[in-house]
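Student: Single-letter residue listing:
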Amino acid sequence: MTMLDRLETLYQQASAELAQIASSEALADWERRVIGRKGEVTLLLRQTGQLPPEERAAFGKRANEIKALLSEAFARREEEIREQELARSMEEGQVDVTLPGRKVARGRLHPATQTLREVYAIWAEMGFQVYRSRDVETDEVNFGLLNMPPYHPARDMWDTFYTTEPGVILRTHTSPGQIHAMREYGENGTKPIRVILPGMCYRYEQITARSEVQFHQVEGLAIGRGIRMTDLKGTLTEFARRMYGAERRLRFRASHFPFTEPSAEVDVDCILCGGAGCNVCKYSGWLEIAGCGMVHPVVLRNGGYDPTVWSGFAFGMGPERITMLKHGIRDIRYFWGNDLRFLNQF
Amino acid sequence: MLIPISWLKDYVDIPADMPVELLAERLTLAGLEVGKINYIGVPQNHVPGVTVPPSDHLVWDRQKIVLGKIVEVKSHPNADRLVIAVVDYGGAALEECVTGAPNLFQYKDTGPLATPLWSPFAMEGAELWDGHSDEPKRMILKGRPLRGIYNKAMVCSEKELGLSDDHEGIMLLEEELVAGHAPGTPLQDVLGDVVLDIELTPNLARAWSVVGVAREIAALLDLELRLPPTEVLMSGPPIAGRVGITITNPELNPRFTLTLIEGVTIRPSPQWMQLRLRKAGMRPINNIVDITNYVMLETGQPLHAFDWDIIQRRAAESGANIPTIITRLPEPGESLTLLDGSVHQLDAHNLLVADTAGALSLAGIMGGLESEVQPDSRNILLEAANWNFINIRRTMQSRKITSEAGQRFSRGVHPAQAEVGLRRATELMRVLGGGTVASGIVDNYPLRPEPVVVDLPVSEVRRITGMDFTATEIAAILRRLQFGVEEHADGLRVTVPDHRLDIGTGVIGQADLIEEITRIYGYDRIPDTVMDDLLPPQRGNVALQREEWARDLLVGAGLNEVINYRLTTPEREALLTPPGAASSLPAVGYVTLANPISQDKTVMRHTLLAGLLEVAARNLRHTDRLRLFEIGSIYLPVSGQALPAEPRRLGLLLAGPRDVASWDLPAREGLHDFFDLKGVVETLLEGLHVRRVAFAPTTHGTFFPGRTAELTVNGRSAGVLGEAHPKVLRAFDLPEGLPVMLAELDLDAILDYADEMHVVQPVPTQPAVYQDLALVVNREVPAAEVEAVIRAAGGELLEDVRLFDVYTGDPIPVGQKSLAYALTFRAPDRTLTEGPVNKLRQKIVKAAQQKLGAKLRE
Ligand SMILES: [Zn+2]
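Chains A and B supply the protein sequences, listed in that same order.
Quick note: our numbering has the first sequence finishing at residue 1718, numbered continuously throughout.
Quick note: our numbering has the second sequence finishing at residue 860, numbered continuously throughout.
The hints are simulated quantities; they were obtained by calculation from the structure and are not laboratory data.
Predicted model, so just to flag it, every value in this text is computed and none were measured.
No residue lacks a Cβ here, since even glycine has one placed at the ideal position from N, Cα and C.
A couple of the hints might just be wrong.
[As the list claims (entries may be wrong)] Stretch by stretch, here's where chain A covers chain B in the computed footprint (C-beta under 8 Å, at least three residues):
(1) 23-32
(2) 53-63
(3) 523-530
(4) 554-566
(5) 590-601
(6) 610-622
(7) 643-656
[Unchecked claim] Partial list, derived from the structure: chain B residues whose beta carbon lies under 10 Å from chain A:
(8) Leu206
(9) Gly436
(10) Ile633
(11) Glu787
So here's chain A without its partners, still in its complex pose:
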């Protein structure tokens, strides 16, 4: 057999073999054996020198031709096999997408903190900044300077924890912060103020689903030379719509707090029943969300302001109550119970 015959035979056989190859491993093997650096075609080419000189040119040309044809065929076959293998791996690699995802161990803020932040954010946009004051307070600031001298009947509205230190109590509300804020920020009654006063408050009450010995309150205070009752209504209405939804209806009910006058309770139409009556709103159709009023002249005076020139409004609300209303929570004891089965729902 001549070398040229051998070359042609090799070409036929290698082409046929390539067509049968089904895996990338076999393909790599074929490439190495046939067209690789030590492959059969290369080896034949290297033997060109053994041929008579007049045959060399034709043989070399044909050998290079065949090498190019086989390389092309190889590339085509390689592409086909890659496609086949990809298709196979897709076929085999399907997963049950209904299996649960792997849990991410994320942390969470306590729901009271989440609500406090929401409250801060809404008031911040209206120019109210956060002012914090102490939990253990004097009777004087908690009551006296807020227009409740000793034995004042209004003191009955707060069941108070007294300490063994005379004149020192656990604050029953965040209202004492009003006095602190006015004295600290008012510059002797010469500067307007807009603050909110968050903090933990304490009441001498049995712990039940509806009452706690400890709870957050957020008090608000605006003092200026032209703060009006219409502003109080407008501002609280704005807050309530932001907090509870734009469609909410509000109701201001006359009430009494010794440190505001006129005073009001603010109700929002029941989130659960829309006002038709349900057991959350005790069939009144309304939910109480805040107490408020115009700052009492005595309190303005105790804060360093001239009540004939300055006026202001104040309000107070409970973040736990807000959270309960928004999430249908029926038991306030969940908040300090810290059961992760509760906390992890936020």
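We have chain A already, so just place chain B with the ligand on it with the hints.
Tutor: Quick look at chain B with the ligand alone, frame taken from chain A:
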């Protein structure tokens, strides 16, 4: 406070077409919160826009439950214990009802009654309460034979109508109750009523009576108010000279008045009065006691009736010419037995009503046992007085007693009301007790309040309300509340009526009046505005912002925030120190409650750790993995100061598996250990860009010895972190063998160094050279020291040092350890080559040899 609508109608003509639910809503909006509406026999109305709780009370059918007139009572032919009542119920014929009512037996077979008996009458099909059932149960009246006589109607007991539990006999109505009503009148129109349960805020003391509420309704609806009659027929001899009054302390007792009613008969009150008292929540006793209660409920003025004969006897026995009532503070050691039988050792401020023989009653709060009206009393000395509300309040608190009278006086009653109540009650006693009133009133009034007059400029009303009220509008509203108003060019001169004490003077009085104006005008009619006042200087709250920043970082580190009670007990915090060990908790006293409400909350906490361990113990009953933090104050008394320091603390707790399990990845064996906790602290500090942080071994009673570190920031101690002591875990009922990582950090010491403006390093442009280095050192050498030596020797070109392996054991000699570091070298401005890096490495090894005795591990 329970207020029957029927009683209100004595004093104000509530429009007939105004549903009571709407009235209740108006009162509620005006600050008299109607907490509940109790219906008696009448149906509930459904008013559009007003939501009220549905009521399932019994409604008396207007056709089937009517007023019946019993004209004759006959014996039952077949039963001795039954009678037949012959009833005119307005129908064409009389109806015969079989009944066992014992209160009809006296009329049995006495022929047609000269004075007919009136009774509620129910016909077949009427719904009633079952009189024979012990449980509340309704029934429909059905016709049936009773001992041979077919019976299809009945005369009703109070129980069957739902008026009371009384089923002893049928309800017989006294003439005064049925006056003007014919037989067959729907019972609703005779006995039907609605009772408002009103909750009053302390400032509304003046409204704590039927007249007080009627006055509010009159003002709200712009109706005329009638007042209780004050005329008294005084036909007896003058009272003057027969009894004296001595007031020793007018500040505590501004006024004391007395009348004398002689020859009364003590008997039950008339039915109309009993029914009203019961609707208002009081139990009828006898006519004299009932009248004092009735007039208190009606006018708000408490009264007290003495047995005049006992008072006279006491005077005679103590050698006095005439009885003298003396109001005074107690003698040292004086005691008094009150009519409820309680004996009181009196405090110095407990004002007494006394006579020359001794104490009679605790002024304004409760009568004494001895001088109380008796069933056979004949002559009544009636007191209406006025007392300082603060002193009444102090006395009720110190003596731990309360009473209807005391509650009213403690909120403030105007002294002018004493005479109003006295006259009303005296006349009622004359009429209902049948006595003669001695002429005149003994009235000792040493502290007559000045009339309160407030000048109210219209501009002031406008300034505070933001509304353009006119002088005429303001005056009209105030007059509706019985204020006297004079209009002047520059405003109004307002005189406060003599039933209220809540209006101050000057700017305070103006605010008090503005509240009344807006309240009656209606808050719902006040428009909403946006503040157009000057925006105050805006001040950020850096401490809060940083605290919230810390919270976000901890949440990002996968921790759950908890909030615990800040009240605890010293005993619970003592569990943080194993028995015999020295406590490492703050060595100061506690902020201690004088009146704890429960035994588990007596002091303000010193630490967050006890609360965190308690939360862990509770949650470990249903979960195995805990990563918790709490931010909050602790309370440390400061010597020489009344108020404690309230520093803020950060508490951390990690326990259980480090990783969360999933369906193909069981919870790995790795439990949280010290380095997980330290990693959280480091993550927090890095996130806050706090620098100059150090951790050093420390000891702390609550922690596992040798697994505890103190954190310092800028050389300032910032708290402790470590593994909890196993004995502490046992004390808190935590599971055996589960390590719990705990930290309590001083939040202020950390946040003071938080840096919102930290400088950012440029991203490197030059390639780095990486080299590994393993050093063998003695086991006691802290890793932090090794790293410090490496960094110092490496200089600026050593960009990073990362410990990637700690190894002990073969071939490392006993007592030594191998620390393997990955070093990153980089020059900011050029490509580093092996040459200089190798030199640096040799320098590091040499430094480690010299300073730490380290050997290079080849
Ligand atoms: Zn509802």
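Student: Out of the numbered hints, which ones does the structure contradict?
Tutor: 9 and 11
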